[in-house]
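Asks: Residue numbers (our numbering), protein chains in the order written: chain A, 6 to 371; chain E, 6 to 371; chain U, 6 to 371; chain S, 6 to 371.
Among the hints, a few may not be true.
A pair holds if it fits inside one copy or across any two, identical chains being indistinguishable in the list.
Calculated cross-link-like contacts (lysine-lysine; reagent style PhoX-like; alpha-carbon spacing at most 25 Å) [what the hints assert, rightly or not]:
no.: 1; residue 1: LYS92; residue 2: LYS56
no.: 2; residue 1: LYS364; residue 2: LYS15
no.: 3; residue 1: LYS39; residue 2: LYS153
no.: 4; residue 1: LYS77; residue 2: LYS39
no.: 5; residue 1: LYS15; residue 2: LYS77
no.: 6; residue 1: LYS56; residue 2: LYS316
no.: 7; residue 1: LYS209; residue 2: LYS25
no.: 8; residue 1: LYS211; residue 2: LYS56
Rather than coming from a laboratory, the hints here were simulated on the basis of the structure.
There are 4 protein chains.
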Amino acid sequence: MSGTWGEYLKLSLFGESHGKCIGIVLDGLPAGLKLDLPFIGRELARRAPGKNPLSTPRKEKDEFEILSGFFKGTTTGAPLCCVIWNKDQHSGDYSELKDTVRPGHADYTAMVKHRGFNDYRGGGHFSGRLTAPLVLAGAIAKQVLEKKGIMIGSHILNIGGIREDHFDSLRIDSGLLWKLTEQEFPILSEEAGIRMKQEILQAKAKEDSVGGVIETAVVGLPAGLGSPFFDSAESKIAHLLFAVPAVKGVEFGTGFAITQMKGSEANDPYALADDKVVTLSNHNGGILGGITNGMPLLFRAAVKPTPSIGKVQQTVNMASREETQITVQGRHDPCIVPRAVPVVESAAALALLDLMIEKDGVTWMN
Amino acid sequence: MSGTWGEYLKLSLFGESHGKCIGIVLDGLPAGLKLDLPFIGRELARRAPGKNPLSTPRKEKDEFEILSGFFKGTTTGAPLCCVIWNKDQHSGDYSELKDTVRPGHADYTAMVKHRGFNDYRGGGHFSGRLTAPLVLAGAIAKQVLEKKGIMIGSHILNIGGIREDHFDSLRIDSGLLWKLTEQEFPILSEEAGIRMKQEILQAKAKEDSVGGVIETAVVGLPAGLGSPFFDSAESKIAHLLFAVPAVKGVEFGTGFAITQMKGSEANDPYALADDKVVTLSNHNGGILGGITNGMPLLFRAAVKPTPSIGKVQQTVNMASREETQITVQGRHDPCIVPRAVPVVESAAALALLDLMIEKDGVTWMN
Amino acid sequence: MSGTWGEYLKLSLFGESHGKCIGIVLDGLPAGLKLDLPFIGRELARRAPGKNPLSTPRKEKDEFEILSGFFKGTTTGAPLCCVIWNKDQHSGDYSELKDTVRPGHADYTAMVKHRGFNDYRGGGHFSGRLTAPLVLAGAIAKQVLEKKGIMIGSHILNIGGIREDHFDSLRIDSGLLWKLTEQEFPILSEEAGIRMKQEILQAKAKEDSVGGVIETAVVGLPAGLGSPFFDSAESKIAHLLFAVPAVKGVEFGTGFAITQMKGSEANDPYALADDKVVTLSNHNGGILGGITNGMPLLFRAAVKPTPSIGKVQQTVNMASREETQITVQGRHDPCIVPRAVPVVESAAALALLDLMIEKDGVTWMN
Amino acid sequence: MSGTWGEYLKLSLFGESHGKCIGIVLDGLPAGLKLDLPFIGRELARRAPGKNPLSTPRKEKDEFEILSGFFKGTTTGAPLCCVIWNKDQHSGDYSELKDTVRPGHADYTAMVKHRGFNDYRGGGHFSGRLTAPLVLAGAIAKQVLEKKGIMIGSHILNIGGIREDHFDSLRIDSGLLWKLTEQEFPILSEEAGIRMKQEILQAKAKEDSVGGVIETAVVGLPAGLGSPFFDSAESKIAHLLFAVPAVKGVEFGTGFAITQMKGSEANDPYALADDKVVTLSNHNGGILGGITNGMPLLFRAAVKPTPSIGKVQQTVNMASREETQITVQGRHDPCIVPRAVPVVESAAALALLDLMIEKDGVTWMN
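With the sequences and hints as input, model every part of the structure.
Replies: Encoded structure:
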């Protein structure tokens, strides 16, 4: 299976990079939800390429069309199917790829799994382009979460070796997160941002690419979301984050660095603030025993350098079974990280909405 | 939901730390599987406490009993229910915990989620003890995978700040992994192991605890396991890893460090070895586009320091709504990492077996 | 898969007729539910054999034990595992069945599916005895539904050719249903009941068996439960009813007889009663478009004659691949219908509770 | 949830009667399946209205378009999304229905469930038109099953009170079934067919409608499909059959009439035919203990009279909360039964394919 996810909110993802369209069915939304369509458009625009020299000049306007489940401005309770029709695709660019598998991409594994029947054009169903419908669904989830005062935002923690400070895990507010979502290249420190962009442009000049880490925070979450074990909040969120191509690591709270701490440092002590139970540090990133504790939820996702690069690479021609070389032609991103920000946020929004429905049903949405 | 997992192999986990038993139902195993019961016992023993001064002196013999689905030495095709009866529990030790929530544990979140009706004794259903049935199920999955020549093994990469080398991601073999599974404290370098143990004993002496990172490798996997997006191999494995209490980070291949590399370094170039497609490096940890590529699968799991410590900690009494202090009594692990090794391996074994069944059905098991 | 069911409330069924126990895990119940254990016992007693000459003299006291998820008299929110330990089983009676398959039973299909590895003693996992844990789970569901004023009850519509009147589909009330659940042999007309019992005793005298139809009604349901298409209320209920061994037909409302009506007769016209929308007839059995309409929900389940009979039957010895004859020894039910009543009601209760949770979440239960 | 189904083959159904389109996503088909597109078209044509005076003159050409998962004439292994664009809809006909609920339809229950936000035009998502994508998916399932020699066919057992003979449950062959699928009005006896059509035309003349029973057989099935209890072959098939609007009863084998038989009559005795185990009667309809036994699988589905009739009916205006009358305008079917035949067959084909994949994986399809 590659295309279905969710327990309370069911997603069904379909489409190919160079096929007719890409799309998603969302099942489980209640009737009567007003959808802010311009907001969905803005979220898609955050993911879209071609906005600046940091990304591919390929234009994907990513205009979406709702095919079902929407009537007179609100959801109807029936499954919502949305598609983005493909345009401006240069299929010719990819004809070489039929047999010569691109290193770092899914070309080889797709060919093995689907025994050569996969649509290889532009990666087909395996293309990063399929994250656009995920952002579409995520934009709907974000709108719904916002009704409960839940806000998601991110900054770029590092691009290659250029790094800025972490979020202050105790003092994140929705105002900061909102500001970050309005930035094309969201960072906390302008100076670090300038150096990160230079890093990207330098890689681009060398026909190479760079990766980075996205740090995401969610504020306004109630305590009590998630479960111990199989449906822990970490499991649900990480499941969707690792569904995003290019994500190779996920950590919550202090993450891998927590292993360098003593228990007496890592345990977040409890205190009362206005009779509300809070923790005095937040190394667990707002999740204990798989369940949210009401503190800011914090995670980081590692995004690998874009595999499409102009440099010559060693590879294999699968038809002739011979070693060969490849130079990936076409218009590629020297760095996918800024465009991955709304994708990572969407994964979190969808996982959290599923957990919210488990906890409270759907009636609160209206 | 806290207790069910799986698409092809369904798990149903139940039990409490100080209740009658802990157990698991496995549904989806084919009939006619001979089970190596002593192997299951040995895997449980790897997780069991009380073996040495590095862990809690609490004895949990963890003898298991198969209640159903097993007849004349083989599985019957019906659901396999296995339990471990609880013994040697000192419920008295935990009576204080009813109201005073332990920092770093699930006490507070369990209380919020279950509105005070949770079994609080020893963490109840949220206890790390529930990982024993997971190891039991994992031991069965491992046996099955071994029939296809698939071997899983791990070493401890670091305890606190004491660190040893990574696996050589290209040259891991089943012999090495086998040897590691036979070690009580699995490490590649004996010298590093000695220092790690010292680190643990020092923390113990200070009534404190330490965490660490487990690095796990899987060899012998076929190419083609997993799917793009929602059921990526990374998603499935990470979902189960984050179901393990104390895991706060998961990364595949070079993981977070891949964000420091250029695309030209991070892409694993293809070559032919005896007409088999291989990669010349393995920064993607054996997974591309969510699907295994036949190279060693490699991941790391960050395990936080044991939250149970003898030091005085700040907390809140939930009944009186007052700030207070707690000293966690009882017999605790200064470091859970060595005991977490078979748990982490079980999570991987179960996720991979589910993917194997998706790909090839169940007939190959016999 | 044979053992898991449910979307919001997850069931995991396990055990064998002559193994150690039979049992079930219920996952998805909220914390804090007081369970009426004597009521569960009474429901199990309704299903238990050996009460009168109409059923097998085999005694199954069916005392249940809760292994997990229950603490201080209420559910904890963690999975509830309940078992019934097997006693009074005469395994010797079934030794012949290893190879000689009983007509009308699952012996042959179980052997094919599980390639001879199934536990054949008394039908093993395929035994009707596995409906006891279903009744146990159903008894919990019934208690919960009752909090919303939802009541389920049944009468025996026919035993063989002896038939009584249908429920009046518009005028069923909870008082009548309650009275029916207290009868060992629930019927509307005492006179018909006497003749049905005679029919059973006559079959018994001839070493034969009879079947019958159970008619079940549910009152107090809110309108709006269920969905069009895949999760229609009919689909959910019928799915569980057909999970009950021996059920060969299910119909809702007027059922098969509605095909003899004109649209102008079958359509249930709407009217207002105290400003509540009601229908003036109830041929659709309380369900339209897969969704409850607030009228009494009505269905019938056809239960085939007990396959275990003392008469000589033609069959095949699977080991020698020869045609042979069989006389099923042991203590059998000449008619399973009265004992199937609580099973059928449990199936409905569980399906409806799952739909209630979908609609309203779980908070109303407390 | 209304729109997702399946364990191994996942379906996601979407669309509205008068919206842009109706469609379905199929996830879980292997790559490399050649699809016989004209066959899909012919199956859709069997369901389409407007072919003869027995059905509505409304034309629905139901041309389908594959949006994803199909490349160079075969499936790619990625989700297959197919849509049928809506044309020739007279939305004006339905404007009255916004408030005045049609008896026998889902108008009232849809309004309650979706609190008035449902698309009411022509029944919206609740329309029988949504069965077209189900037939589309079923046509694919049928093609795949045919590769294993599995053939599905049906005849109309009765229209109102006009009835013909049952299938001979032992002697159905694929030739007969094939012939039936080629008939617009499939019957075993031409004479009965003539009288059934007269029954339909008489109802039409009176602005009324009639229902009927469809009897379906499946031959060529292997023994061993299905499971005891929750995923019994009966449960899976009945679940999908009851997802079809208008189906109010489902029975297998001799069905409800088996309750009139003795065990000694109803048990199907075993014999050997060319060393193959067969039964000498087939009252269980090819399923024992939830698992196929290799005999013809036989079921019947009761289809209620079309609720849309020209006669005046009592109803309620939901906006004004007043009792009122309705005459359903528009072009309606006096009898839906012939058009329901491919829908019922599709439900069976999809359920059986899901069970086939469970048993044998997907590799046999290629």
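Asks: Hints first: check each against the structure and report whether it holds.
Replies: Here is how each hint holds up against the structure:
no.	hint	verdict
1	LYS92 / LYS56	within (17 Å within a copy, 38 Å between copies)
2	LYS364 / LYS15	both (16 Å within a copy, 15 Å between copies)
3	LYS39 / LYS153	within (15 Å within a copy, 31 Å between copies)
4	LYS77 / LYS39	within (9 Å within a copy, 40 Å between copies)
5	LYS15 / LYS77	within (23 Å within a copy, 30 Å between copies)
6	LYS56 / LYS316	within (24 Å within a copy, 54 Å between copies)
7	LYS209 / LYS25	neither (30 Å within a copy, 43 Å between copies)
8	LYS211 / LYS56	within (21 Å within a copy, 56 Å between copies)
Going down the numbered hints, you'll see the structure goes against just number 7.
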